[in-house]
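Chains as they are written, first to last, in the working numbering: chain U, 1 to 291; chain W, 1 to 283.
FYI, nobody ran anything at the bench for these hints, they're computed from the structure.
Do not take every clue at face value.
Unchecked claim - Straight-line alpha carbon distances no greater than 20 Å define the calculated SDA-like cross-link-like pairs of lysine to any residue that follow: (1) 90/W to 149/U; (2) 90/W to 118/W; (3) 90/W to 178/W; (4) 90/W to 70/W; (5) 90/W to 150/U; (6) 90/W to 159/U; (7) 90/W to 26/U; (8) 90/W to 201/U; (9) 90/W to 100/W; (10) 90/W to 133/U; (11) 90/W to 63/W; (12) 90/W to 211/W; (13) 90/W to 48/W; (14) 90/W to 17/W; (15) 90/W to 129/W; (16) 90/W to 238/W; (17) 90/W to 183/W.
Unchecked claim - Covered stretches of chain U, as calculated for chain W (at least 3 residues, CB under 8 Å): (18) 10-18; (19) 198-204.
Note that CB positions come from ideal geometry on N, CA and C, so glycine has one too.
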Amino acid sequence: MQNAWIVATMVAVIAGVVGFFVVLRGSAFPAHAIPNGAFAGAAGAVLVGVSSLLGLGVFAVLSALGIGSLGRRGRHDVATALALVAMLACGAAFLSRTTEYAPEIFSLLFGEVLGVSTTELLPVAGLGAACLLAVAVLYRPLLLSSVMPEIAEAKGVRSDRIEIAFLIVLALATAMTVPVVGALLIFSLMIGPPAAARALTPRPGAAIALSVALALITVWAAIALSYQTNWPIGFFVGTISALAYGLGRGWNAARTHHHQLPHSATFTDASSPGSPAPPLGQRRQKRRRPI
Amino acid sequence: MRPAAQHHPHVRALAVDGVSVTLGGRRILDEVAFTVQRGQFTGLIGSNGAGKTTLLRVILGLQRPHAGRVLLAGRPRARRNRSIGYVPQKVGLDPDLPMRARDLVELGIDGHRLGIARPSPARRELVAEMLAAVDAERFADSRVGRLSGGEQQRILIAHALVARPQLLLLDEPLANLDLRSGQEIVSLLDRIATEHEIAVLLSVHEMNPLLSVMDRVVYLAGGRAVSGTTDQVIRSDVLSGLYGHRVEVLHVAGRILVVAGGPAATNGSPDGLPGAAPLPDAR
Chain U
1 MQNAWIVATM VAVIAGVVGF FVVLRGSAFP AHAIPNGAFA GAAGAVLVGV SSLLGLGVFA
61 VLSALGIGSL GRRGRHDVAT ALALVAMLAC GAAFLSRTTE YAPEIFSLLF GEVLGVSTTE
121 LLPVAGLGAA CLLAVAVLYR PLLLSSVMPE IAEAKGVRSD RIEIAFLIVL ALATAMTVPV
181 VGALLIFSLM IGPPAAARAL TPRPGAAIAL SVALALITVW AAIALSYQTN WPIGFFVGTI
241 SALAYGLGRG WNAARTHHHQ LPHSATFTDA SSPGSPAPPL GQRRQKRRRP I
Chain W
1 MRPAAQHHPH VRALAVDGVS VTLGGRRILD EVAFTVQRGQ FTGLIGSNGA GKTTLLRVIL
61 GLQRPHAGRV LLAGRPRARR NRSIGYVPQK VGLDPDLPMR ARDLVELGID GHRLGIARPS
121 PARRELVAEM LAAVDAERFA DSRVGRLSGG EQQRILIAHA LVARPQLLLL DEPLANLDLR
181 SGQEIVSLLD RIATEHEIAV LLSVHEMNPL LSVMDRVVYL AGGRAVSGTT DQVIRSDVLS
241 GLYGHRVEVL HVAGRILVVA GGPAATNGSP DGLPGAAPLP DAR
């Protein structure tokens with residue numbers, strides 16, 4: 001039981017940090033596809049009788065490289081979808097060949113934090129430390145190329161390399177977290193807490209810290225509830241993450257609404273009297289036709 | 001053709017020397033040559049498709065020219081040159097981006113370097129100084145993605161300036177702004193060029209908002225360019241030569257209109273010469 005708390009804590013810290021950049025970059029789809037690809041790797045590892053963590057890691061990195069190299073100029077949806085279905089197809093084939101007991105597979109999909117043994121802690125800790133170190137090293141160019149890719153390129157930041165590096169970090173984070181919360185639900189831990197955090201604070205550093213804190217609360221509460229009710233931990237991770245996001249958005253909306261009147265008054269006054277500027281998304285460059 | 005620089009003669013921030021670019025068999029830039037001095041405000045004028053963005057990409061080192069070269073402060077540009085500040089046309093900041101305007105400016109100091117920046121009073125002061133230089137203190141702590149177009153433009157200029165560039169490039173900074181915000185940005189850039197002693201090169205498809213502040217004009221049409229002062233370049237004979245057909249430059253109520261053909265036939269450009277001239281601002 002003590003192992004469960006330790007491993008869940010490590011998973012939450014990684015998911016909170018890596019998830020911040022997943023949400024910032026709009027990489028939610030790769031964050032969904034890579035764990036599912038990794039699941040196929042774990043099924044394959046069970047089939048040939050090697051450590052499932054190895055299978056997870058190899059397949060997660062392969063998915064990440066596939067998505068990163070096939071995707072063109074930040075458009076990854078088609079490449080991601082293809083990597084996802086290719087990996088799931090392999091997973092289906094591996095599963096049909098394996099004689100393993102179904103609960104093993106179930107735990108890979110939905111998580112089995114309570115069964116973590118002491119020998120499994122070390123590789124998880126190692127992968128977690130590698131992820132944190134990688135994010136710390138990449139921090140500034142990753143932030144810059146996520147927010148303003150064109151300016152980053154002009155400053156000599158290679159966005160394509162940053163993208164591949166980040167997908168590999170995502171793959172490593174996936175490999176360590178899938179056995180704990182499951183392939184289907186790690187996604188929720190990487191999206192819910194960071195999305196809630198960014199709604200709650202406008203500072204990047206504070207948003208990362210808050211994202212980690214919310215992820216910790218989520219997994220700790222999920223373990224306690226799962227232990228009490230005997231329901232799968234993934235259920236609680238998923239629902240608490242979604243709840244955190246909902247509350248974050250609600251709080252943000254309430255706050256924005258509260259501040260709206262004085263704000264828009266000053267802005268309108270400063271830029272264009274009479275007609276307030278339309279929201280950015282609706283603005284189009286007016287093109288004048290030549291004679 | 002080079003006029004006496006008003007502020008800092010002989011301090012050449014940028015020299016574009018016979019640059020040609022061919023993309024997909026089409027000549028986008030054809031031996032474009034001009035220079036930009038420090039402390040000067042230069043307008044890069046041309047209609048859509050004239051090659052403005054390609055030219056800016058060549059200067060930034062994002063596009064290799066097939067001929068010619070770019071000199072920065074008299075030296076060939078290094079592959080990664082950070083003495084250029086750049087404000088692209090579209091940045092598209094997410095309204096929910098967890099970043100204050102202040103944070104975005106700070107990212108301009110050393111956002112390309114690996115690792116995490118250690119906060120320091122010196123960094124905070126530098127950021128505050130840049131926010132003051134673009135009159136953005138009022139919304140420095142707001143989420144940058146929720147600011148208006150003109151406010152974001154100021155923050156992006158501060159982001160570019162904080163790295164102390166010698167040259168500031170802006171791609172169509174007025175395209176998404178209303179007239180008044182546009183004028184404010186233009187006079188801000190004019191002040192920055194003088195006070196910070198940097199060269200400002202700004203691309204527009206409509207020159208009238210720049211007439212009061214431009215020290216020099218680079219006029220692009222069909223991939224070719226002429227440069228000089230406004231009076232030297234925006235003339236019927238010069239622009240007719242550039243376009244390869246007759247255009248008239250008309251001065252109306254303090255504004256300049258470039259129209260195709262003689263005054264008698266102002267409707268329609270000759271066949272095969274699309275995009276002859278930008279229409280004057282209709283507003």
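Comparing the hints with the structure gives:
{"no.": "1", "hint": "90/W to 149/U", "result": "11 Å, holds"}
{"no.": "2", "hint": "90/W to 118/W", "result": "30 Å, violated"}
{"no.": "3", "hint": "90/W to 178/W", "result": "16 Å, holds"}
{"no.": "4", "hint": "90/W to 70/W", "result": "25 Å, violated"}
{"no.": "5", "hint": "90/W to 150/U", "result": "9 Å, holds"}
{"no.": "6", "hint": "90/W to 159/U", "result": "17 Å, holds"}
{"no.": "7", "hint": "90/W to 26/U", "result": "18 Å, holds"}
{"no.": "8", "hint": "90/W to 201/U", "result": "25 Å, violated"}
{"no.": "9", "hint": "90/W to 100/W", "result": "19 Å, holds"}
{"no.": "10", "hint": "90/W to 133/U", "result": "33 Å, violated"}
{"no.": "11", "hint": "90/W to 63/W", "result": "18 Å, holds"}
{"no.": "12", "hint": "90/W to 211/W", "result": "24 Å, violated"}
{"no.": "13", "hint": "90/W to 48/W", "result": "15 Å, holds"}
{"no.": "14", "hint": "90/W to 17/W", "result": "28 Å, violated"}
{"no.": "15", "hint": "90/W to 129/W", "result": "25 Å, violated"}
{"no.": "16", "hint": "90/W to 238/W", "result": "32 Å, violated"}
{"no.": "17", "hint": "90/W to 183/W", "result": "19 Å, holds"}
{"no.": "18", "hint": "10-18", "result": "violated (count 0)"}
{"no.": "19", "hint": "198-204", "result": "holds (count 6)"}
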